[in-house]
Each structure stands twice: as structure tokens, then as C-alpha cells.
Amino acid sequence: MKEPEYKTDAWIQWCPGCGNYGILKALRDAVSELKIDPKKLVIVGGIGCSSRIVYYIRGGNVHTLHGRAIPVASGIKLSNPELTVIVAGGDGDILGIGMGHFVALGRRNIDLKIFIHDNSVYGLTKGQAGPTLPSGVKLRAMNYENAHDAVNPLLLAFASGYTFIARAYAYHVKELKKIMVEAIKHRGSAVVDILQPCATYNELMTKDWFEKRVYYLESIPGEKVAIQKMKERERIPLGILFKAEKATFEERIERFDVDLEKVLEKKAVLY
Amino acid sequence: MKVDLSFVIGGFQGGGVESAGQIAVRAFAMKGHDVLGSREYHSNIIGAHSYYHIRVGGKALQMPLDALIALDAESVFTHFQNLKNNGILICDRSSLEKKASQIPSMSKALKKRIELSYGDFPLNQILEKLEFRLIALPMAELLKSLSKSVEKPLSSVSRALNVIGTSAGLYLLGVDEFTIRKAIEKQFRDPDVNLRAMEIAIEEVKGEKRGEIPSVEKKENLIVSGNEAVAIAKLRSQIEFLSFYPITPATDEALFIEENRGRVITVQAEDEISALGMALGASIAGLRATVSTSGPGFSLMNEMISFAVQAEIPIVITLWMRASPSTGIATRTGQQDLLHAIFSGHGDAFKIVIASGDHEEAIEDVSLSFKLAEDFQMPVIHLLDKYIASSLTTVARGKFEFSLPKREFKGDSESYQRYRLTEDGVSPFLPLGMSTMIVSSLEHDEYGFATEDPEIREEMMLKRMRKFKKVAESVSKRSYSIYGAKDADVTIVSFGSTKNAIIEAIERSEHAAKFLQLRVLSPFPDISKEIRGKVLCVESNAGQLSLLLKSCCRVDSVARKLNARPIYVDEVLMAIDDAMKGKEEVILSEGA
Numbered sequence: 001m002k003e004p005e006y007k008t009d010a011w012i013q014w015c016p017g018c019g020n021y022g023i024l025k026a027l028r029d030a031v032s033e034l035k036i037d038p039k040k041l042v043i044v045g046g047i048g049c050s051s052r053i054v055y056y057i058r059g060g061n062v063h064t065l066h067g068r069a070i071p072v073a074s075g076i077k078l079s080n081p082e083l084t085v086i087v088a089g090g091d092g093d094i095l096g097i098g099m100g101h102f103v104a105l106g107r108r109n110i111d112l113k114i115f116i117h118d119n120s121v122y123g124l125t126k127g128q129a130g131p132t133l134p135s136g137v138k139l140r141a142m143n144y145e146n147a148h149d150a151v152n153p154l155l156l157a158f159a160s161g162y163t164f165i166a167r168a169y170a171y172h173v174k175e176l177k178k179i180m181v182e183a184i185k186h187r188g189s190a191v192v193d194i195l196q197p198c199a200t201y202n203e204l205m206t207k208d209w210f211e212k213r214v215y216y217l218e219s220i221p222g223e224k225v226a227i228q229k230m231k232e233r234e235r236i237p238l239g240i241l242f243k244a245e246k247a248t249f250e251e252r253i254e255r256f257d258v259d260l261e262k263v264l265e266k267k268a269v270l271y
Numbered sequence: 001m002k003v004d005l006s007f008v009i010g011g012f013q014g015g016g017v018e019s020a021g022q023i024a025v026r027a028f029a030m031k032g033h034d035v036l037g038s039r040e041y042h043s044n045i046i047g048a049h050s051y052y053h054i055r056v057g058g059k060a061l062q063m064p065l066d067a068l069i070a071l072d073a074e075s076v077f078t079h080f081q082n083l084k085n086n087g088i089l090i091c092d093r094s095s096l097e098k099k100a101s102q103i104p105s106m107s108k109a110l111k112k113r114i115e116l117s118y119g120d121f122p123l124n125q126i127l128e129k130l131e132f133r134l135i136a137l138p139m140a141e142l143l144k145s146l147s148k149s150v151e152k153p154l155s156s157v158s159r160a161l162n163v164i165g166t167s168a169g170l171y172l173l174g175v176d177e178f179t180i181r182k183a184i185e186k187q188f189r190d191p192d193v194n195l196r197a198m199e200i201a202i203e204e205v206k207g208e209k210r211g212e213i214p215s216v217e218k219k220e221n222l223i224v225s226g227n228e229a230v231a232i233a234k235l236r237s238q239i240e241f242l243s244f245y246p247i248t249p250a251t252d253e254a255l256f257i258e259e260n261r262g263r264v265i266t267v268q269a270e271d272e273i274s275a276l277g278m279a280l281g282a283s284i285a286g287l288r289a290t291v292s293t294s295g296p297g298f299s300l301m302n303e304m305i306s307f308a309v310q311a312e313i314p315i316v317i318t319l320w321m322r323a324s325p326s327t328g329i330a331t332r333t334g335q336q337d338l339l340h341a342i343f344s345g346h347g348d349a350f351k352i353v354i355a356s357g358d359h360e361e362a363i364e365d366v367s368l369s370f371k372l373a374e375d376f377q378m379p380v381i382h383l384l385d386k387y388i389a390s391s392l393t394t395v396a397r398g399k400f401e402f403s404l405p406k407r408e409f410k411g412d413s414e415s416y417q418r419y420r421l422t423e424d425g426v427s428p429f430l431p432l433g434m435s436t437m438i439v440s441s442l443e444h445d446e447y448g449f450a451t452e453d454p455e456i457r458e459e460m461m462l463k464r465m466r467k468f469k470k471v472a473e474s475v476s477k478r479s480y481s482i483y484g485a486k487d488a489d490v491t492i493v494s495f496g497s498t499k500n501a502i503i504e505a506i507e508r509s510e511h512a513a514k515f516l517q518l519r520v521l522s523p524f525p526d527i528s529k530e531i532r533g534k535v536l537c538v539e540s541n542a543g544q545l546s547l548l549l550k551s552c553c554r555v556d557s558v559a560r561k562l563n564a565r566p567i568y569v570d571e572v573l574m575a576i577d578d579a580m581k582g583k584e585e586v587i588l589s590e591g592a
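Protein chains in written order, with my numbering: chain A, 1 to 271; chain F, 1 to 592.
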């Protein structure tokens, strides 16, 4: 069988130096390694630079609304479990406007893969503070120092009930691909927080900044250590931090046969 | 003999009013009569006043009342002013000693109104001046003898107060004991105490003058609420996916489907945005999907409606309107989301809006909604309201004897174009999994790729507009119904649950009146050629339909109901008279 073609002919409109290029390469490699039929691959995007990825990989892809990829993806996966359904969105998309859905998905453990393109800025609207930007930081397009504290995506995922939690770095394409493959193979809700530089609007968290700080976990730590690792700030641990087996939502909903005639009988006047 | 009755059974929430109303509706249905039982209740779990307004011999509500069955003093205070002269008032003897000011659950406003008209006196002093047939049941004694007779403590049988009041009332209205017994047996899993309560009640009122309820030919054989009618119709339409977020008065529909779901996937979402988002996902994946909600939830769904229009996703949204704006009055009715439904979603968000006038129409409109949504790949909003949602009525079982075939997909899966340009604007639909494709909320080319090209943008706008034009052609024959006189002096235009009140009113009016019931509100039909005489618009909002009507005809008079209660037949009669007198604005204010 011929290797499926995952590239599309769309012009890729990310800025030079954007972390999304690494993520795109890693994702193409991951689905190729897993030999996922493009017809059975569904990438669901929110809105933002990251979500444009739906146009750059062949699949049955859906470009939804800002923050709303998770609900749409949930409906797709529950309706057709054969499909591999991946959600792509930025930190603003998934942890800002869409955070309620992110938490709800963890509670459900639907077999979806959430890949957060985490660059701490709203790039497409030109540089506002994203939910993962530390407080006190002022990036070039911001009027003032960030008055919000950063959300911790990993701890939030853990508290919400995600059964696969990992962190990766966009420019370590091989390692990122490996984590993506593991996430896709995992049965249940998986989240990969993918750190990425925004070459245009985030002059603090640059390639250099990240590469000085990141290091890899040797193995999946126990729960206690995992939580400590998730909290680490000075240095940034990468890899799979948490993995658990739990029934998926699909397995939790009971399906049975129902006789509608009997249902109607209950409503009969009975003369 | 034509039976025509209008009566209320009232009590406190949690005090068995629900069962009492169901027993009464069933009893009259068993006798073969048209019956409607409209449930009014507070946004409260226990303690506040609630009631059933029951109409027999018609399917619209009518004032004044022939009888009032008051299970507590508050019910007497709330409804006695609606009782006819010589109407029957059945209550607990101990209620008669109560003053309005002694009832903590009663609203201050109602207490004040009663005090202004009658003074703050015990009920017996107020009622003395009025001409009612007062049947004051010695409830405490009756419950004591029930307790003794069934050998159970008083505390465990006192719940049967509702059955005592209702049985006495039904018996006096003329329902025979056998029928009341059957209705009670059907109501309770273990009916023994309640059957004994019924016997005690009938014994107590035996010898009083009674009405007469003959049996007539029985044609309709199910009793359903509007929520249930729609739920069953959706199951018959072979829905495959339902997502919802709890909201009054839509939840009962979703819960009925959930209970009887079989293989339907049902999900309680985290909010209404997600509910519609999930359903749209299911629809893209090829399932027949639906959501149900009310005004506040529908507000949240707006961005998803616009998405469904742009991405061309079939979906049926059942919108149970309630009194608004904002949280408004969650448990009361209204038609205030008409314009919101039609203009929901940002942009040129073309969609279909259908409104049903009663339970039977709602059933038909469910399958029609799915058909239109799938034929034209766009949202269909099925507009209903709380009045229909929670009223019980009889429906012929045959109304549910239909089935909608499952969605089917054929087509070329190689180089598939989700948004292929076609003559009628409708592109072939393939679900996810059958082909690669892009479904997009961004403006897109035929494949779904995002584009900002001016020519493609224009082509895609025109494609969606062609599709909507095609919808208008497809529904033109059913977009309104006509009732009444051909050469009328007045044409009433209305939509939704006002239907049966208006039909009855034009039959009874001394003026030659005609009624145009709008059933498809988007695309909005041109009714100018149907107009005869004065144009009277009747609606339960500030005048939304009249605004739309002015796009195709003149409007001489607008009758508005603003108090969050249903429209009554007698109010429509009054509105017709006022319109004929040249009055431009009428406010309809009946209801408790």
C-alpha cells in the first residue's frame, strides 16, 4: 500500500520561526507512523494561528469557533468511535475562552487528544497576554505588565481528571512526535501542553529561553512526584507526567433497545 | 350534549397538584371529551402556589371559571375572583378562617390587591358577599376517617388531601365514580389509600346538585404534555444524538428522551454552547442530531448557530420560549424569542424558523424540521413555549405513527468538495470518515479551504442565499394556515400557542373574522394577498410579530399579552371587538 499523503497544497501562513512548524511536522510524522487513514483522521481546530493546522494536514478536518473545538470534537468522537480525533488550539483558545470545556472533557475522559499550542500570547490579534503568560511580564505589544497570574495547564488537567498528561517542546520534533504517538494510542482524554515560541510577539519566551530551561523526565513519575514536576518553574520538565487507566465516557453510557410502542402505552388514556 | 367547562385545581407545590391535575385530565379524556390541562407553577421546589387550569370541550383556556378546587387557602385567594357567579368553590373548611395576611407564601402584591378590594378579612367574610356555590369540606375529619379506615397513621394519609378535593370536584362536575376510580388507579402505583380517599370524598358530597358529563365517541387515545409530544416525535424521527443543558421548560423533553433513549447518544453538556457544539459535531459525523433549550440557553447558542449556517451543518434546535428578557420568569410562558430566533447568530445567518400551534402540530413539525435541516444543511429552530411544554392534552396515537428514514450518504469520496457550488446552492453531504474534507467556519472555497478572495466570497454568499430561496419555495405551501370567514371584516395574524384560543374566538365572535396562523417564520411569508378588513396581530410579547408583518402589510391593531400567562379565548374575543372599534393597542391581562 502506498504511504498516504498527509500534506495539502495550502500555503502555510505562519510567521518565519513560528513554533507551529515544529508541531505540524511532528503531527504529520505521528499520524504517518501510526498509519492513520486520512479519511479516519479528524483534526478539530478552534481559532487562532495554531488552529490553521486543519488546512495543512490531510484529514476530515473541522475548523470551529474560538474555544469551541472540544465540544465539537466530543460530538464527533462519540458519534463515530472509529475516527482518531485530535483537537488543536492555542493556550488562549483552550485555557482562556474554552477553559470550561477543557475541564468538562477531563471529567468525561472521552477518547480525544488535546494538543495545546502554548505560546502565552494571542498572536493573530497581535500580541495580547495569553493565559499561560506569567504575571508582571510586559511583552512588546502589551500596554502594561500582565496583571493576571498564569494558569498551570498540567495541574488544571490533573484536577479535571485527564488520564494522560504530557508536556513537550515544539522544536524537539522527534521527542514531540513520540509523545503525540503515545497520546494518540492512549485510551481516554489526553492533553499535551506543547511549549512554543511566538517569534513575533513573545520576545521573552524565545527559542533560547526555552532551550536553557527544558529537560526530559526519564520515566513517568509517580503521582506525588508528578505534581511537584508540574509545579516546577525555573526549569521545565518535558515528557509524560501522568498516565492512568479509567473508563471512557463512551464506555460509561449504557445503550440498550427500547420499544417505543411500550413507551406510548404508558401514555394511553385507557378507556 | 356539548360539555364546556373551565376549572382550576390549586394547591402548594409538592402538595399533589400535579397528580390531581393529571387525574382530572384523564377522567375527562376517558369520557371522550376534548381536554387541555395547563400547568402553572413557580420557580420553586416546594411550598409556592401552583395550579392546573383545565378546559373541557375545547383545547384553549377560557375565563371565567366554572369551578375552583382549592386544596389550600392561598388557592382560594388566588383564583376566587376568576370564578363565575354560581360557580362551584370546593375548599377545606379550615381555609375559610384564614386571612390573606396570614399566608406567608402568598405574594405581597396579591395580598395588597385583595386588601384593597375586600379588606384583610377571613375568607368566609369575603365570600359571604359573593354568589358562589361553596362546598367546604371538613378536610381534617375526612383525613381522620381515612386514616382509621385504611389503618395507617394520619401523617401518612394526609397527602391524599389532593385526591379528596379532586374527587369531590370531579364528582360535582358530573364525572361518574367509575371513571374517577379508573383515573386514580392509573395515576398511582399503589392506589388503595387514594381510592378509599375518593370514596370518602364522594360520600361527603353525595346529595349535592351535580352536573352531567356524558360519554362521547372516543377518538384520541394518548395523554401527553408538549414536552413529551416533541420527545416522542424525535424518537420516532430516529434521532441519534441529543445534547442538552438543564433549563426550564426544556429539560423535561430532554429527560424523556434520555430515559427512553435506547441507542440514541444523550449527553448532558457543561453549558448550552457545548450542547450545540456537540450536536453539530455529531451531525458532521453523519448522525441525526438535536438540542433543546429555552431563551437564556438559546442566547448562549448564538455563535454556534452562526457556525452551523456558515459550515452548512444540519441541526434541529427546539426552543421552548419562556417569559424573558434575561432570567425573566423561568416557569411562565411567553413568545418573546421570535425575533431572537429569526435573527440569531451574527452575520447573514440564514436559518429556518418553524412555530407550532399545539401538541399535534408540534409532532408534525418535528419530523418536518429534521427533513428541512438535512435537505438544506442549515439550522432549523422549532419554536414552542412553556404553555405547550407543560400542558397535557389528548392526542390521537396515529399522530405518532410515522418514521423518518435514517440519514443516507452517497457520493464520490475522492476529491470531495464539501461546499461544491450547485444550481440550488445545496452541496452533496458526506459525513466525516467517508472522505477527507474540510468543514469550516471561515469563509472557504468549494473544498473548505479558508479564503479571503473577493470572487469566491461573493460566490459563497450567493450560494447560501440561493439555498435559502430554495427553502422558501419548498415551504411556501405550508408557511401559514387559514381559518374562518373568507370575506372577513377582521384578519387576525398570530403564531404559536395562541392558535386554539384564536380559532375558538373567531367561531364565537359576532364579527366575521379570519385567522392567519403563521407556521414558518423564517423565511418570512408574504401574506398581503390574504388580508381582509382590519389587521389584528395577537401575540405574547411587546409586538415582535407586528414589526415583521409591517414588511408585507398594514397592522391596524396589536393585542399584546405581557403578564407571562397564556392567552384565553375570551381575551381574543375582546381584542376582536376592540380592533373593530378602531383601538390600536390592547393589553390582555387575564390569568393568575
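These are calculated hints, taken from the structure and not from any lab test.
Honestly, I wouldn't trust all of these hints.
[Claimed, not checked] Here are the simulated distance ranges between beta carbons:
1. F:Q238 <-> A:D37: 46 to 56 Å
2. F:E259 <-> A:R235: 28 to 38 Å
3. A:D257 <-> F:R113: 30 to 40 Å
4. A:E3 <-> F:G411: 24 to 34 Å
5. F:G411 <-> A:K185: 30 to 40 Å
6. A:E3 <-> F:S326: 30 to 40 Å
7. F:E259 <-> A:A244: 42 to 52 Å
8. F:L255 <-> A:R107: 17 to 27 Å
9. A:A244 <-> F:K469: 36 to 46 Å
10. A:R255 <-> F:K144: 44 to 54 Å
[Claimed, not checked] Once the Cα atoms are required to be at most 25 Å apart in a straight line, the calculated DSS-like pairs of lysine-lysine come out as:
11. A:K262 <-> F:K218
12. F:K129 <-> A:K266
13. F:K219 <-> F:K129
14. F:K219 <-> F:K206
15. F:K209 <-> A:K262
16. F:K486 <-> F:K371
17. F:K486 <-> A:K266
18. A:K229 <-> A:K246
19. F:K410 <-> A:K267
20. A:K262 <-> F:K399
21. F:K410 <-> F:K477
22. A:K267 <-> F:K486
23. F:K406 <-> F:K486
24. A:K267 <-> A:K174
25. F:K550 <-> A:K266
26. F:K186 <-> A:K262
27. F:K470 <-> A:K40
28. F:K144 <-> F:K84
29. F:K470 <-> A:K267
30. A:K35 <-> A:K262
31. F:K371 <-> F:K406
32. F:K550 <-> F:K470
33. F:K148 <-> F:K129
34. F:K477 <-> A:K262
35. F:K410 <-> A:K40
36. A:K266 <-> A:K7
37. F:K84 <-> F:K98
38. A:K262 <-> F:K406
39. A:K266 <-> F:K371
40. A:K266 <-> F:K218
This one's a predicted model, so the numbers in the text were calculated from it and none came from an experiment.
Every residue, glycine too, gets a C-beta built ideally from N, C-alpha and C.
Here is what the structure says about each hint:
no. : hint                          : result
1   : F:Q238 <-> A:D37: 46 to 56 Å  : violated, 28 Å
2   : F:E259 <-> A:R235: 28 to 38 Å : violated, 53 Å
3   : A:D257 <-> F:R113: 30 to 40 Å : violated, 55 Å
4   : A:E3 <-> F:G411: 24 to 34 Å   : holds, 26 Å
5   : F:G411 <-> A:K185: 30 to 40 Å : holds, 32 Å
6   : A:E3 <-> F:S326: 30 to 40 Å   : violated, 57 Å
7   : F:E259 <-> A:A244: 42 to 52 Å : violated, 32 Å
8   : F:L255 <-> A:R107: 17 to 27 Å : holds, 20 Å
9   : A:A244 <-> F:K469: 36 to 46 Å : violated, 54 Å
10  : A:R255 <-> F:K144: 44 to 54 Å : holds, 51 Å
11  : A:K262 <-> F:K218             : holds, 21 Å
12  : F:K129 <-> A:K266             : violated, 46 Å
13  : F:K219 <-> F:K129             : violated, 44 Å
14  : F:K219 <-> F:K206             : violated, 31 Å
15  : F:K209 <-> A:K262             : violated, 41 Å
16  : F:K486 <-> F:K371             : violated, 32 Å
17  : F:K486 <-> A:K266             : violated, 42 Å
18  : A:K229 <-> A:K246             : holds, 23 Å
19  : F:K410 <-> A:K267             : violated, 39 Å
20  : A:K262 <-> F:K399             : holds, 16 Å
21  : F:K410 <-> F:K477             : violated, 29 Å
22  : A:K267 <-> F:K486             : violated, 39 Å
23  : F:K406 <-> F:K486             : violated, 42 Å
24  : A:K267 <-> A:K174             : violated, 62 Å
25  : F:K550 <-> A:K266             : violated, 46 Å
26  : F:K186 <-> A:K262             : holds, 15 Å
27  : F:K470 <-> A:K40              : violated, 33 Å
28  : F:K144 <-> F:K84              : violated, 32 Å
29  : F:K470 <-> A:K267             : violated, 39 Å
30  : A:K35 <-> A:K262              : violated, 47 Å
31  : F:K371 <-> F:K406             : holds, 11 Å
32  : F:K550 <-> F:K470             : holds, 24 Å
33  : F:K148 <-> F:K129             : violated, 37 Å
34  : F:K477 <-> A:K262             : violated, 35 Å
35  : F:K410 <-> A:K40              : holds, 17 Å
36  : A:K266 <-> A:K7               : violated, 56 Å
37  : F:K84 <-> F:K98               : holds, 22 Å
38  : A:K262 <-> F:K406             : holds, 22 Å
39  : A:K266 <-> F:K371             : violated, 28 Å
40  : A:K266 <-> F:K218             : holds, 18 Å
Comparing the model with each earlier hint shows violations of hints 1, 2, 3, 6, 7, 9, 12, 13, 14, 15, 16, 17, 19, 21, 22, 23, 24, 25, 27, 28, 29, 30, 33, 34, 36, 39; every other hint is respected.
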